[in-house]
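Starting from the known structure of chain L, arrange chain P on it as the hints suggest.
If you read the sequences in order, they're chains L and P. Quick note: the first sequence, position 212, residue 212 per UniProt numbering, numbers continuous. Quick note: the second sequence, position 427, residue 427 per UniProt numbering, numbers continuous.
These are computed hints drawn from the structure, not numbers from a lab. Accuracy of the hints is not assured; some may be wrong.
What the hints assert, rightly or not - Derived Cβ-Cβ restraints for the label pairs, each shown as a range:
(1) Ser117/P with Asp101/L: 28 to 34 angstroms
(2) Lys12/P with Ala15/L: 28 to 34 angstroms
(3) Asn29/L with His455/P: 38 to 44 angstroms
(4) Gln57/P with Asp101/L: 29 to 35 angstroms
(5) Tyr277/L with Ser117/P: 49 to 55 angstroms
(6) Ala306/P with Pro273/L: 44 to 50 angstroms
(7) Gln118/P with Gln188/L: 29 to 35 angstroms
(8) His213/L with Asn254/P: 39 to 45 angstroms
(9) Asn249/L with Lys106/P: 22 to 28 angstroms
Built from N, CA and C at the ideal position, the CB exists for glycine as well.
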Amino acid sequence: MHADTSLDPMRIYRAKRDASHVYVKSKYNILGFISSGTYGRVYKAEDASGNLHAIKKFKPDKEGDVVTYTGISQSAIREIALNREISHENVVSLKEVILEDKSIYMVFEYAEHDFLQLIHHHSQTLRCPISIPVLKSLIYQLLNGLLYLHSAHILHRDLKPANILVTSKGQVKIGDLGLARLSAQPLQPLFAGDKVVVTIWYRAPELLLGAKHYNNSIDCWAVACVLAELASRRPIFKGEEAKLDSKKNVPFQRDQLLKIFEVLGSPVEKDWPTMTYLPEYPSLKRLDPYPNRLFDWCQSCLRSQSGYDLLKQLFMYDPDRRLSAKEALEHAWFKEEPLPTANAFASVSPSQIPPHRRITQDDAPSMSMTIPLQPGQSGNAANAPGPPFTQVLSGSSQQAQAQAKSGSHHTGTSGSLGDGPTVYAQGHGHGTTKMRKKRRL
Amino acid sequence: MATDFWASSHYKRWIVDRSTLKQARADDLVYVPASEYLDFFTIYFANLITKLCKKLQLRQRVVATATVFFHRFYLKNSYCETDPYLVLSACCYVAAKAEESPVHIKNIVTDSRTIFSQPPYNVKHFPSDNSKLAEMEFYLVDDLECDLVVFHPYRTLLALCKKESSSSASGGNADMVGEEAEAGELGTGIGAEDGPRYWGTGEGKLELSEAALQTAWFIINDTYRSAICLLYPPHLIAVTAIYLTLVLHIPTQNSIAHLIPYSPAFNPDPAIPAESSQPTPQLRRSSRSSDSSSKQAQQDPIDFLANLNVSLSVISTIAQEIISMYSLWNRYSEEPTLEEARNPHIAGGIGSGTGTGSGSGSPSSAGAGGRMEDLFGDGTGSGSPASHTSQLGPKSGSGNTPGSLGGGETGTDDASSNSSNQNPWSFGQGRLVTAAFLSDMLNSMREARMSDMAHPSSGRPIVVNRMLERTG
Chain L
1 MHADTSLDPM
11 RIYRAKRDAS
21 HVYVKSKYNI
31 LGFISSGTYG
41 RVYKAEDASG
51 NLHAIKKFKP
61 DKEGDVVTYT
71 GISQSAIREI
81 ALNREISHEN
91 VVSLKEVILE
101 DKSIYMVFEY
111 AEHDFLQLIH
121 HHSQTLRCPI
131 SIPVLKSLIY
141 QLLNGLLYLH
151 SAHILHRDLK
161 PANILVTSKG
171 QVKIGDLGLA
181 RLSAQPLQPL
191 FAGDKVVVTI
201 WYRAPELLLG
211 AKHYNNSIDC
221 WAVACVLAEL
231 ASRRPIFKGE
241 EAKLDSKKNV
251 PFQRDQLLKI
261 FEVLGSPVEK
271 DWPTMTYLPE
281 YPSLKRLDPY
291 PNRLFDWCQS
301 CLRSQSGYDL
311 LKQLFMYDPD
321 RRLSAKEALE
331 HAWFKEEPLP
341 TANAFASVSP
351 SQIPPHRRIT
361 QDDAPSMSMT
371 IPLQPGQSGN
381 AANAPGPPFT
391 QVLSGSSQQA
401 QAQAKSGSHH
411 TGTSGSLGDG
421 PTVYAQGHGH
431 GTTKMRKKRR
441 L
Chain P
1 MATDFWASSH
11 YKRWIVDRST
21 LKQARADDLV
31 YVPASEYLDF
41 FTIYFANLIT
51 KLCKKLQLRQ
61 RVVATATVFF
71 HRFYLKNSYC
81 ETDPYLVLSA
91 CCYVAAKAEE
101 SPVHIKNIVT
111 DSRTIFSQPP
121 YNVKHFPSDN
131 SKLAEMEFYL
141 VDDLECDLVV
151 FHPYRTLLAL
161 CKKESSSSAS
171 GGNADMVGEE
181 AEAGELGTGI
191 GAEDGPRYWG
201 TGEGKLELSE
211 AALQTAWFII
221 NDTYRSAICL
231 LYPPHLIAVT
241 AIYLTLVLHI
251 PTQNSIAHLI
261 PYSPAFNPDP
271 AIPAESSQPT
281 PQLRRSSRSS
291 DSSSKQAQQD
301 PIDFLANLNV
311 SLSVISTIAQ
321 EIISMYSLWN
331 RYSEEPTLEE
341 ARNPHIAGGI
351 GSGTGTGSGS
361 GSPSSAGAGG
371 RMEDLFGDGT
381 GSGSPASHTS
391 QLGPKSGSGN
401 TPGSLGGGET
411 GTDDASSNSS
421 NQNPWSFGQG
431 RLVTAAFLSD
441 MLNSMREARM
451 SDMAHPSSGR
461 PIVVNRMLER
471 TG
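Looking at chain P on its own, in the form it has when it is part of the complex:
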């Protein structure tokens, strides 16, 4: 059924494990110095999808669906054998239709050409002919196995949480407000027997301030910059976004601090304290001091999460993956570094480029939808990497590398950081990877692949992609 996740194509065919993910990138891995670059590609292309969809005035759910399509496509294909720009354009085109917001193919082609041809992407080969995109659409829908209904965490978020009734916060996210309006638009007779969808005690939804709800919404937006949407069901991603909001959104943190007991019983799962209570010292301190200021009887968010009947250890794993994604994203920039600006021909020069990353732009353009980190704290310093570092950095504890945060689950990341250490292309902690650099790297990957295919005796390992077998 189209609204029952457990009976959906999404659950039955498109939740994959890590080894499948790894397998899917095996061909590409041959052509990059370190697997970490492939994770940067994920951010790079997800940002581009967001950018294209915003230009086409498509809603966030279309962006999300398009990005999921893109991820799914590259479960079966390699960057080095395809044109990801054409693929992502087709993803937006199909997603717009699948989400009942069709746009004309001409508009997609025009806007794609406009965006991709500009720096930092400098992609001049995007076809001006509609039929090329339409042909790609055929291949794409085929590779997606015609599974076009995608579930997203937004629905769960709004089912579990509601805005504080007394909230005076303003400046709401248009997408979110719109989404709620739509839900109310259902009318009688539809889903009347379904009732509100939340689990647990049945006592009701978790009340969050508008800003907190937005933060959770933005965290969900950001998860599409990693493979999280392929690894975990959307409702767990939503719960994780709520959890991270409670922990990281400072006003919310302060408002609930008095409810959080400072005790090991806070979390029976050893995985969580290692990552959450330790990086949030404020949380502990204020838990005692602000008791007196507790206003009215408030819901206990800990109880709320505990009663959701989801595996909290899975939630903590997802939380770690989200934080890994953020620490990677902090090192990504759409703007060229100073060195690149001086000499655009040395893409590899990045590795020795601006070490600390200060002064270079964060993905501001990609953050049009609002990056979660910008909302942390007082909300100032939006977009500047310095503010990201000061706010998120300390919280991530001692181990700021993706590998150490991810624990066992992110073993591939561990491997990647190891290999990058031995590689001449390696970049150190905090080194920036720019969009222009990735754009160049993609070109060389494809060229190398082409020449390998032309001369197959090059001795490169030939990889079998498991996802391909199931269509056969």
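Next comes chain L alone, as it looks inside the complex:
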């Protein structure tokens, strides 16, 4: 009697849904491949009316050669869920999500540049600093977007140059909410599920010292790192990440802390009374003391008293004394000439604006491209701009593929529930390091 329904009770539903499905390829024209990362690949695409989009395709899970479902990753769920609730001019907007053929496609608005590409353009091509009007506008808009996220109780937890995009009209867009979390009344504490957050160079000292409870101020620390990196065109605290051991214990990040202390001096209890309670405090005490030389550091880069003051206050060791996004936006630096502009490139001559994002042929095509690439474009990998959403390697898809094949931390992680984000942060710092070395050759 029930044999019919037992076979597939969802038959009617499935047929209806599949019949009404709009396929990615029927709606978007894939123009080329932008970058790949732990989670999958990002493509440049245009819709029927010619609007540009970045389509992030999450890797399907594989068991051997067979593509299987093991469920939508925690990171994708977060990114989808949070993006559906927010809307702000300085945060990348999610246009739609298409679920088809065991893959998730997130369609974002397109941004031509990102902070990493901008830094690279100035250090490699123009060989000059990013001008103060541009720098100030970028940071102002970044803080503006961050203030929005924080007032929506969203912690970004992965701010870094590669995740901060800029449109061709000079508008900053914070991207990649894959590690972001709602901080208001969490059902699980923040540290549950993600032992490691924020790429090592941008990780706040309380996180490096093992704090389990943290807040918005970790994002503000990252903003300070980004500000310093834009000003000097190199990461200010370029430490080596100590890897998780086989039991996934988080090690003491000695090198990263030393890189911070070399510029900011060693933290003292007077300035940060609660640091003595942090798990890694005993290890911290064993490190040599360093003096603060942030002022000297700023002399060569920022050349502004109030700019130095903003950086100093964002680099407060004590998270409670660190400037919030709101306080930072009200800082005197943004009120003195040159004032920040809505178009960060307003003061830049067209020839100085970084070139458009390079797109290449997808080496491991998981989406067929409809427009053939111009000759010579795919061989140019090393000069290609940084990744917009993803972290590992930019331009060179060969490199990305090679790394994805060789590095065990790049495979098979996107579907796992618990430790995906942990591996993400770890693999990420590692990948970035490699990329930088490659570029500076």
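Same frame as chain L, but now just chain P:
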């Protein structure tokens, strides 16, 4: 913003009206003898979600989110065209992730199979293959339009009320205590500028005994067994739960009785006295007698509610819907009736089954989270239908049918009780509907639908679902 309800996807896209609800069930209505059965399905599946989540050791907020997902999914789909067991399993899977408490897909599949295959559900077709659930997850997230952040009344409850400082009550609900601890865990810098969230006079939160706070919490849990979470914003449901606690939780009732003036001015809205003051005669009597015993200066809960700046007539409507849900739930049983036990093949035999419902189990297993009614009064007689009837029954006044309680708002219920009277499948007042019966009914609905789809010339009306159009 993710914490501003008025800017949320929940408010903008998922608060619907009654006609949308009715429309959503139109296809199913063709295959059931009376629309009331569809309301029983809501209880049936909400109980199952609770059961599955408890087995997976998920917290109440995950249960709530999963149930909301389930309700939302069936705004666009029909029971008869889907496998609700697979859907509810996927709802729990996605909700666990959305609430940052992920569980492995294998565990969900295993526990779903275990629970569903047992009596009274006897569902043997749940796929053992993870990929079937993962595929359902895709369809589900798509049908949910990727809106995965859900607001619940619990937050408002804890923002409006606090435990009496002198409370000596014990045996707290782990969920509730945990929730409070989490709120305190926020740390500095987060929401510091938000301040405490309550409306009104700003004089502070309403102090309730721990037991009363629990009662309100349990009432909120129970609201997920109806479509209330689709019809009203969560803060209004929370206020209603507080109101019902004040009215129905007997110790609380007694402790505040002296503060409640016996006058028509108690409630300017005619809808409320019709339902609240009338069914609670104790409240009136004690209001005079216990004046002398009033201890210290107490908050006036009436003032508190009045100052919340919410529409009290909406609150009274929600209160009526909650009571309708309870009276329906009183007639639902997870245990088989005697007749069913004797002859498991006559599902329809329920209609003439144990009339009074005495002696059959109340949804005890589903009530693992604690059903509100169990807490009323002295707290004895937990789970037995007799105690429900004696405590809630009289309070519901003369009209114990959902229709009469619901007033104009529940016109559909009126229609359903009318139609059920003319139907050979009808069950009278107080007749029980069992889980096994509903499980069988669902199978026949699906079979009938399948054969109708195979032979579309059957003349059944074809219904257009409005919720489907907006995804197109």
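To see whether the hints hold, each was checked on the structure:
1. Ser117/P with Asp101/L: 28 to 34 angstroms: 31 angstroms, holds
2. Lys12/P with Ala15/L: 28 to 34 angstroms: Holds, at about 30 angstroms.
3. Asn29/L with His455/P: 38 to 44 angstroms: Holds, since asparagine 29/L and histidine 455/P (Cβ atoms, about 43 angstroms apart) stay within the stated range.
4. Gln57/P with Asp101/L: 29 to 35 angstroms: 34 angstroms, holds
5. Tyr277/L with Ser117/P: 49 to 55 angstroms: At roughly 50 angstroms between Cβ atoms, serine 117/P and tyrosine 277/L fall inside 49 to 55 angstroms, so the hint holds.
6. Ala306/P with Pro273/L: 44 to 50 angstroms: Taking Cβ atoms as reference, alanine 306/P and proline 273/L lie about 46 angstroms apart, which means the hint holds.
7. Gln118/P with Gln188/L: 29 to 35 angstroms: 30 angstroms, holds
8. His213/L with Asn254/P: 39 to 45 angstroms: At 42 angstroms between Cβs, range holds.
9. Asn249/L with Lys106/P: 22 to 28 angstroms: 26 angstroms, holds
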